[in-house]
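Top line first, the protein sequences correspond to chains A, B, C and D. Residues 1 to 568 (the working numbering) make up the first sequence, in order. Residues 1 to 568 (the working numbering) make up the second sequence, in order. Residues 1 to 283 (the working numbering) make up the third sequence, in order. Residues 1 to 283 (the working numbering) make up the fourth sequence, in order.
Read the hints as simulated data drawn from the structure, not as lab findings. Ideal Cβ positions, reconstructed from N, Cα and C, are used throughout, including at glycine. Possibly wrong hints are sitting among the right ones.
To list a few chain C residues with every Cβ distance to chain D over 12 Å, as calculated [stated by the list, open to error]:
no.: 1; residue: Asp9
no.: 2; residue: Leu36
no.: 3; residue: Arg108
Cross-link-like lysine-lysine pairs, in silico, DSSO-like; alpha carbons within 27 Å at most [claimed, not checked]:
no.: 4; chain 1: C; residue 1: Lys211; chain 2: C; residue 2: Lys240
no.: 5; chain 1: A; residue 1: Lys26; chain 2: D; residue 2: Lys140
no.: 6; chain 1: D; residue 1: Lys138; chain 2: A; residue 2: Lys158
no.: 7; chain 1: B; residue 1: Lys348; chain 2: B; residue 2: Lys452
no.: 8; chain 1: D; residue 1: Lys140; chain 2: A; residue 2: Lys158
no.: 9; chain 1: D; residue 1: Lys187; chain 2: D; residue 2: Lys229
no.: 10; chain 1: B; residue 1: Lys158; chain 2: B; residue 2: Lys175
no.: 11; chain 1: D; residue 1: Lys228; chain 2: C; residue 2: Lys249
no.: 12; chain 1: A; residue 1: Lys561; chain 2: B; residue 2: Lys449
no.: 13; chain 1: C; residue 1: Lys138; chain 2: D; residue 2: Lys263
no.: 14; chain 1: A; residue 1: Lys517; chain 2: B; residue 2: Lys510
no.: 15; chain 1: D; residue 1: Lys277; chain 2: C; residue 2: Lys140
no.: 16; chain 1: D; residue 1: Lys35; chain 2: D; residue 2: Lys277
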Amino acid sequence: MGNDITILIGGAAGYGIQTIGNLLSKACHNAGLFIFSVDDFESRVRGGHNFHVIRISNELLSGPSLKLDILVAIDEKTYLNHKDELAPNGIILCNDTGDDTKMSNTTSHIPFEQLARDAGGKIASNTVAAGVILAILGASFKDLEKLLQAQFEKKGKKILALNLMAGKSGYDIGKTIQFYRSFDFNKSNHSNVVMSGAKAAALGALASDCRFFPFYPMSPGTGVIVNASAFAEQFPLVIEQAEDEIAAINMAVGASFAGVRSMSVTSGGGFCLMTEGLGLAAMAEIPVVIINAQRPGPATGLATRTAQSDLLFTINASQDEFPRFVFAPGSPKDTYNAVKKAFHLSEKYQVPSIVLMDQFLIDSTRTEPDDLKIGSEHESFLLSDTKMYQDEPYLRYKISDSGVSPRCTPCSGPFLVRSTGNEHTPEGLTSEDPENRNMMVEKRFKKVKHMKKEMKMPSLLCTEASFFLTGWGSSKGSIIEACLTLREQGIDASWIIFEDIWPLDEYKLKKILRNKKLVIVEGNATCQLGSLIRQLTGIDYAFSILKYDGRPIYPEYIIEKVQQIMGH
Amino acid sequence: MGNDITILIGGAAGYGIQTIGNLLSKACHNAGLFIFSVDDFESRVRGGHNFHVIRISNELLSGPSLKLDILVAIDEKTYLNHKDELAPNGIILCNDTGDDTKMSNTTSHIPFEQLARDAGGKIASNTVAAGVILAILGASFKDLEKLLQAQFEKKGKKILALNLMAGKSGYDIGKTIQFYRSFDFNKSNHSNVVMSGAKAAALGALASDCRFFPFYPMSPGTGVIVNASAFAEQFPLVIEQAEDEIAAINMAVGASFAGVRSMSVTSGGGFCLMTEGLGLAAMAEIPVVIINAQRPGPATGLATRTAQSDLLFTINASQDEFPRFVFAPGSPKDTYNAVKKAFHLSEKYQVPSIVLMDQFLIDSTRTEPDDLKIGSEHESFLLSDTKMYQDEPYLRYKISDSGVSPRCTPCSGPFLVRSTGNEHTPEGLTSEDPENRNMMVEKRFKKVKHMKKEMKMPSLLCTEASFFLTGWGSSKGSIIEACLTLREQGIDASWIIFEDIWPLDEYKLKKILRNKKLVIVEGNATCQLGSLIRQLTGIDYAFSILKYDGRPIYPEYIIEKVQQIMGH
Amino acid sequence: MTKTKYDIDNENQWCPGCGNFSILKAMKQAFTKLKLDPDNLLIVSGIGQAGKTPNYLACNMLHGLHGRALCLATGAKIANHNLNIVVTTGDGDCYGEGQNHFTAAIRRNIDITLFVFNNQIYGLTKGQASPTSAFGMKTKIQQNGTVSSSFNPLATALVNGAGFIARGFSGNIEKLSSTMVDAMKYKGFSMIDICQPCISFNKLNTYSWYKERVFDLENNGHDNSDYKKALEIVHQNEEKIPTGIIYKKPGIPFHERLPVLRKQPLSSYVFPESELKNILGRA
Amino acid sequence: MTKTKYDIDNENQWCPGCGNFSILKAMKQAFTKLKLDPDNLLIVSGIGQAGKTPNYLACNMLHGLHGRALCLATGAKIANHNLNIVVTTGDGDCYGEGQNHFTAAIRRNIDITLFVFNNQIYGLTKGQASPTSAFGMKTKIQQNGTVSSSFNPLATALVNGAGFIARGFSGNIEKLSSTMVDAMKYKGFSMIDICQPCISFNKLNTYSWYKERVFDLENNGHDNSDYKKALEIVHQNEEKIPTGIIYKKPGIPFHERLPVLRKQPLSSYVFPESELKNILGRA
Ligand SMILES: Cc1ncc(C[n+]2csc(CCOP(=O)(O)OP(=O)(O)O)c2C)c(N)n1
Ligand SMILES: Cc1ncc(C[n+]2csc(CCOP(=O)(O)OP(=O)(O)O)c2C)c(N)n1
Ligand code: SF4
Ligand code: SF4
Ligand SMILES: [Mg+2]
Ligand SMILES: [Mg+2]
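The shape of chain A in the complex, shown without the other chains:
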């Protein structure tokens, strides 16, 4: 393993903790280093206890970490809550409040606020902190200067000067602090991207030619919309705040019917309100993509926290039954690809696609090699050459071998496009006839055979191992890292990670999982993936490692639990 450290910066909301994180992450990115950063915040706008954990390495990171090499405690709470997470040889930087009882070999008191005030304003104390940290990590002041310039240029000379001064005084102090590691900030050629899941989802939608984002604000989903709206000037996009989630999904369905790809983003409570509209999309066979950004519930639960607890709800949501796609990407880059796949397959099969994300994936940022491609996902399945329908009648719900019928947009030719959420004939007229009903149910389900073939089976590290850490979605990185660490410790672990969730080919899945000792790892209390596996294959799991406190699953947590299970 390479050079790899973790820094936690904590303080009150509104202090600008995130800005420090952004500066660090940019400095590292410019130098070709890899980061993995996580934000932890309360459901409030100012005050309280927020923190940002940034892990930095010169190699690709798959997961976050909680073994702190540097703890930056802007407030007392941060110190108290996190001092026990300090790694051996780790150091603590405390805001100097006059009280020096915490002073020790590993703890430096730094007057962040005083230095900022000296530079011209308390508001820049986060810049002081950034300066201290970058100096410790081995960056040059030039690196910091460039970043501050870029960040504060637009805000006017005064603010820029203030921040440069604050950064400098922080940097100077940082230089005096002993730390056991440093990075090479001189490298620069690289082709990495740093992205949050939120940004990746927005980009994935754009790359799929999604043009309409009707939404109703809900944490943590709103982040995707904020990211998309940054492109609203340059792209043919309409980002429309709906009056509620019911309106959002129905507006998406309406736009898609009229030929514009649409996506809505929400979280559990909003997804509840969308379930009826999901069924409409299914019945009318109108493509639509929904991101359900999970957070802990039930009900309002923990609004700004993370969970992986909507798996079975998402698969079974809405009355009666219909084919749908469900994806659960494990990283920002996976998200980009999953969203593209969601659009592509939703359009190809005329069924709804749901992408399961969560607060952890949405808000955490990481460096990944850049291979964000524009593929054929944006290519349309809408019939554009509709000349044949001048002679033969156009049947929106024509029975076909694949179950997929010719989709045209309304008013695009000399024929009528008739869609409905009632049971209907091939023409799209409502019908209560039992034979027609059977035919239509069967038509819709014919797609499933083909849909299954589009889905990736879960990935494995290796097929022979004494047990398999089995998970899905956002905990992918932590599972992989935990697994690799365990193997380094001589423990014969492998992983099984699901990213394409539904529909899966039960027979193929059974083949993969058969005779394997499964240890399910997921962010909920009832082991939903375990239930789903048993439902599909009859195969039972051996153990489960669950977490439902609203915080991400860190590799350390998995390792600890595995060791417990193994009786270590």
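Since the structure of chain A is provided, determine the placement of chains B, C and D with the ligands on it from the hints.
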């Protein structure tokens, strides 16, 4: 088997087909006979093709039937659609329209309308039909007279006279028609009840001391509300039409919080809109009962038809996870008991209860032995003696061994009752603390162990058989009847019927199902009960008999499919 | 009935004698007057008797969920604002389940035309009270009469800035169809609340009940650009039911409020592949 | 701050300087004036900053879902109309997600008191436009400004028959608390739309922006029984913001409309076991 015949009466909506059915069923009931009747109607108010099938026997009937002994075709469509369902020796009564091409040994033409007009008004032609049928069945004119008197008394002398005359002329014609069976209408002492599922559900709620029914109209759920509203004068009931389903569930939760038992009734689309409120009830631990009256979907689907396709949705509905009860009664009497149990357990465990019904169960009427009891289900679990809270603090969400905390109503003592859909402390204050979160998730799930003990395992005819017709809910009767018929044919079938659905003890269930050849019978396309069984036990089913055309599962259908499976 | 190109071979499921037949006729007349071909017309509807309407017309159709027709229509119009969109909905559909979308559509001034078949009852579900049912009206479920005062849709629309507000009566097809033509010509959100007798369930607001009360605003010299007058009219109680255009003022429709839509319909842009490549490089 | 019996030991999560603190203070003053003990008071709330309010008060609390506070409150009041129920909600909560329940509560005239903390923004979700945001206001997501005209809650309430309509301003605690007292004394549905500066996200409608515009209706001799005047007032544009009681008229609250509730609260009936047995015998 006893004397057992089936009559189908079909015509346009608005004709009064249901009135004929009601008259027949009352006449039979008075005579201690048993009936099983099913209404089949389109999603329209007048016109179209509706029919009513009534099966009559001198023994208890478990299922409906479609082998017609008498076909009463008020319109042409009825004749065409149903003539092939005629049993050997069955007879047809056609409305005489002048065209006698259909005349045959088994077919009589009867001028229903003309006779009614002669009696004074076309509107009474359904009474003519009732007269004809009752005469054929062996009732005396006195029997009919009594019924008509009771039915039309309030409507004034003129209407009563008209109907008596119409009934008489029908009766006289009926007397001239040859039929191979007749019933004894002189018996009268019996203690049976005739009820629809809708009425049973309403009575069950009343017997549970439910006082508040906030609802939004939706077929087929509205029937329950119509039945409940018949008692609004005599009982402390408020039946309030909400502005939408979201309001309905939240009003129910609000009332329950304030100490009044509440129930809402809806169907799939409305249930979608209720899912978020369901989660609120769960998180705030406020009891509430919901009837989800299933109909075919997705979306609006077939609004007046039947389905058993919301099983997995109901179990998994709403974000995140929480304990809930799900029941699926198989007959009106079962419904009465299931609703009582739903209330009782919802109050006892402070979790939501859902009763899965469907259009078939809601609308069909049948005779069952009367043992509708008032038990202890209405007894309150609310703390009334709250003196202790003058000294110790009252903790609405106190951690306890069973997971159940003391429930008081607001403003009922010198303490504060604080409930919330956010994660919260024992006091009911919102909290984001991870330890508190873990404690609360675990508190809520502690209940499940106890809840499972309250649940009935599925019922079996016998434990050894060559296969088991396995189903749930409204198809119970048809499965039982099919099973008994198959056994008469020498086929070694048994049944397994689920009525208590969730949560079930997986180990007990495994014991019951192990090594049995399961043939799942249900009203959906994906075999949801089969999936659920596999999810809980890992046990796979051998075959499935599914039906998703929106019509009930008749015993004949099951038998036919079993014979296909067995290669007959 | 004379044949029109909007006729379709599909059995009508309304009760014989229902006011909806006249509204259907008025719609066909209006489309004819507007020379709108069926394949150039999109009717979006909710669930209810009114929601069935596009099933009885040759037109493009999107027949959605109960209460959500305006959302579907808004989405479709944003996607392609060249579409001619009419929404047919009921009083329960639009003012009950879907009320939040009603004011939202007004506030967006989305350029569609809304026809509310207001029979003051839930027809399709067999006669429960609707938001516009008269206070105290008895139904099968509201056995002692409704206990909510009735919703005032036109006043709600007016005070929230709607630019075209009219009332119609199914009993006057000529007048209704000409109001429909005006509504459809209006650039922005236009609505006609249409009095429609439900002969099966509403025994209070019958054809003759309406007939006795409706009067034509135009014949009474109403100036429909006068907001104050309009405000008075929408407050008029049941004894007099004004029909025709109550209020009309020009406004900027939604698709002219957004730069991206001012250029061209959203659906007609080409995929911006190269711009996208630029962005991805910098992600 | 002086101590009151409504204080509670719970960390307040609002931004320092938020207008909500003044509203909280006004509420405590009003409850004190009304001599309402905490254990005799039920506050129902939705989700949003305003929804957090009962967490900062000693009171009975039902803190529900976003948009649904009025439904919960309606249910609780129907169950036990002896309860004193106040609803605290935000402009997004009440006029956005929950708008359908707003007019429904008015139409029922359910006897509860509604305080809308109207900061013309979605506060808790970090600053998106709300239904009452000014047309054209820019936010992080509405980068070119909102494209919907704003919702007029008071006019909507008035034209739909609300019997007690007032506006308050968090910047005038005395006045606000006395309006609150009046609202809570009113028998039926009463509402105060409260101007509340959100210092974190609404940079347009700031404290001083409001301060410059608000004026007291009472000082201007407003007759709050005059519907026409009230109608004018609720139409006043942003330049002048009237505060105080705008309209007040007596009405019959929901629980007096139903015979069963006229007798006694629903929760206080005894289980009618013998009547039930009668019915079951005849089932
Ligand atoms: C979510 C949902 N709730 C309820 C229903 C049942 N439903 C169908 S139509 C209708 C009311 C129709 O009333 P209205 O809109 O006035 O139309 P009308 O039939 O009177 O024309 C209702 C409640 C539904 N289809 N979906
Ligand atoms: C169903 C649902 N949708 C969205 C949200 C997210 N949400 C929480 S508060 C809020 C808006 C708050 O705005 P407002 O009601 O004006 O209250 P404020 O915070 O401004 O006081 C939203 C959209 C939610 N909790 N539930
Ligand atoms: S129920 Fe009423 S609205 Fe519906 S079709 Fe019949 S008459 Fe018309
Ligand atoms: S975000 Fe605005 S409304 Fe919310 S607490 Fe802060 S200042 Fe108040
Ligand atoms: Mg209606
Ligand atoms: Mg707000």
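Status of each hint after checking the structure:
1. Asp9: holds, 38 Å
2. Leu36: Leucine 36 of chain C clear of chain D: closest Cβ-Cβ about 27 Å, beyond 12 Å.
3. Arg108: Per Cβ check, arginine 108 of chain C is inside 12 Å of chain D; nearest 5 Å; violated.
4. C:Lys211 to C:Lys240: holds, 10 Å
5. A:Lys26 to D:Lys140: Given pair lysine 26 of chain A, lysine 140 of chain D holds - Cα atoms ~22 Å apart, limit 27 Å.
6. D:Lys138 to A:Lys158: Holds, at about 25 Å.
7. B:Lys348 to B:Lys452: Cα-Cα ~13 Å, so holds.
8. D:Lys140 to A:Lys158: holds, 24 Å
9. D:Lys187 to D:Lys229: holds, 22 Å
10. B:Lys158 to B:Lys175: holds, 26 Å
11. D:Lys228 to C:Lys249: holds, 23 Å
12. A:Lys561 to B:Lys449: Satisfied, since the Cα-Cα distance of roughly 24 Å is no more than 27 Å.
13. C:Lys138 to D:Lys263: holds, 22 Å
14. A:Lys517 to B:Lys510: holds, 21 Å
15. D:Lys277 to C:Lys140: It holds: about 25 Å lies between the C-alpha atoms, which stays within 27 Å.
16. D:Lys35 to D:Lys277: Since the Cα atoms of lysine 35 of chain D and lysine 277 of chain D sit roughly 45 Å apart, the hinted pair is violated (cutoff 27 Å).
Of the numbered hints given earlier, the model fails hints 3, 16; all others are met.
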